[in-house]
Amino acid sequence: MSNHEIAKSPDPKIRYHPAVPVSAANSQIVFDALKTNGVRMMSALPETWLVHLIRLADDDPDVTLVRLAKEEEGVGISMGAHFAGVKSAMLMQNHGFLAAINGIVSGAQLYRIPLLMLISDRGTFGERDPWQTEGGAVTESVLSALRIPIMRLDDPARVAHRIKQALTLAYSSNKPVAVLLTRDLMWEDA
Amino acid sequence: MPPMKRLDALRAVYDRLGDSAVVTIMGAVAAELQSIGHRPNFFYLQHAMGLASSVGLGIALSKPAVPVVVFDGDGSLLMNLGGLSTLARYKPANLIHVVFDNESLLSVGGFPTATGTCTRLAEVAAASGVPRTACATTIDEFVTEFTAAQSAGELTTLVAKVDAVGPAAFVTDLGLLENRFQFQRYLQAR
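In order, the protein sequence lines correspond to chains A and B. Taking the numbering used here, the leading residue of the first sequence gets 1, the next gets one more, and so forth. Taking the numbering used here, the leading residue of the second sequence gets 1, the next gets one more, and so forth.
For reference, chain A alone in the conformation it holds in the complex (with noise of 0.2 Å):
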């Protein structure tokens, strides 16, 4: 399943096709977690497996989702929101993640930002797409690389508490940290 076979309903309502099998009842869980954390603001821009995380962010009055062009500027935005006392988060494909390096590291990083990422981890075991794969081939290891400790989210049961920890983290380093959202998590026919 790629991007393009998301289809727009003549709804208005329902925004995205069901036949696209990400999971609904585990994209709640991710964001009732980053909710019940105090995430206040997320940032995102769409990605197959974000489809329900950013409706149910569009959908929440509580929380002020910023739509990007590029995913660097989220970075921006969750600097804003830190300096300002508002929890931020950002949902991202690894891609994006790539495409947002140097914010990360000249502006989370340079300057010590709590940076929540959450990263929908394409182009692994199970990928179809040919175009995702040489993303998620080098993403655990930039991330490695850039120093940025890692979670990976796999079984609902353990999301709530692992983006609880991640938070955590963030908070006590004052600085970014990665919560990858893996195949078993958000795709259902995996």
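Just so you know, the hints here were simulated from the structure itself, not pulled from any lab data.
Cut-off 35 Å, straight-line C-alpha distance, at most; resulting in silico cross-link-like pairs (DSBU-like, lysine-lysine):
| # | chain 1 | residue 1 | chain 2 | residue 2 |
| --- | --- | --- | --- | --- |
| 1 | B | LYS5 | B | LYS91 |
| 2 | A | LYS87 | A | LYS35 |
| 3 | A | LYS35 | A | LYS175 |
| 4 | A | LYS87 | A | LYS164 |
| 5 | B | LYS91 | A | LYS164 |
| 6 | A | LYS175 | B | LYS91 |
| 7 | A | LYS164 | A | LYS70 |
| 8 | A | LYS175 | A | LYS87 |
| 9 | A | LYS70 | B | LYS5 |
| 10 | B | LYS91 | A | LYS70 |
| 11 | A | LYS87 | B | LYS91 |
| 12 | A | LYS70 | A | LYS175 |
| 13 | B | LYS91 | A | LYS35 |
Far from chain B by the CB rule (all over 12 Å, computed), these chain A residues:
| # | residue |
| --- | --- |
| 14 | VAL22 |
| 15 | LYS35 |
| 16 | HIS52 |
| 17 | PRO149 |
| 18 | ASP154 |
| 19 | SER172 |
A few chain B positions that, by computed beta-carbon distances, are all more than 10 Å from chain A:
| # | residue |
| --- | --- |
| 20 | TYR14 |
| 21 | LEU78 |
| 22 | ALA127 |
| 23 | SER151 |
| 24 | ALA152 |
| 25 | ASP173 |
| 26 | LEU174 |
Because the structure is a prediction, the values reported are computed rather than measured. All C-beta atoms in this analysis are idealised placements derived from N, C-alpha and C, irrespective of residue type, glycine included.
With the hints as your guide, set chain B onto chain A.
Below, chain B without anything else, positioned relative to chain A:
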């Protein structure tokens, strides 16, 4: 009229910045504003080129009652033109986006940017959907337009054409993290 110097433009509006959260780009703009006098409400984004407007957006959305002023540059804005469309999408009424356009990447050697030959940033901003845009080529025009933007209560991009001249050095005695934590404390008390 002689061409406008950025330092003179900053001096001319300095007394109007007391109430605002101010975010500047790196290099000459940061050094010049500090040479006039650092204040706790000034944050200098000394790297992460392009993201000053995104930081300003994050602050403006998080603290709608706090006026935010971003001092951007042509080279920086050209690195994050997509961010202009994000600014326009959310139209924070408390944000003034000043772009000092010296048609040059002055702080890194003075290479000409496309604003000297073809690209008109105020028109780019307007076409991106920024509700108020203005241009200034003299100090009087700049002060008039900046003052008008402060009372407009609407997102404004103000492009000021300035000389490609700057300070002899860019490093100041204000530590990056000292500035960052002082600014955060200032904002959270607002």
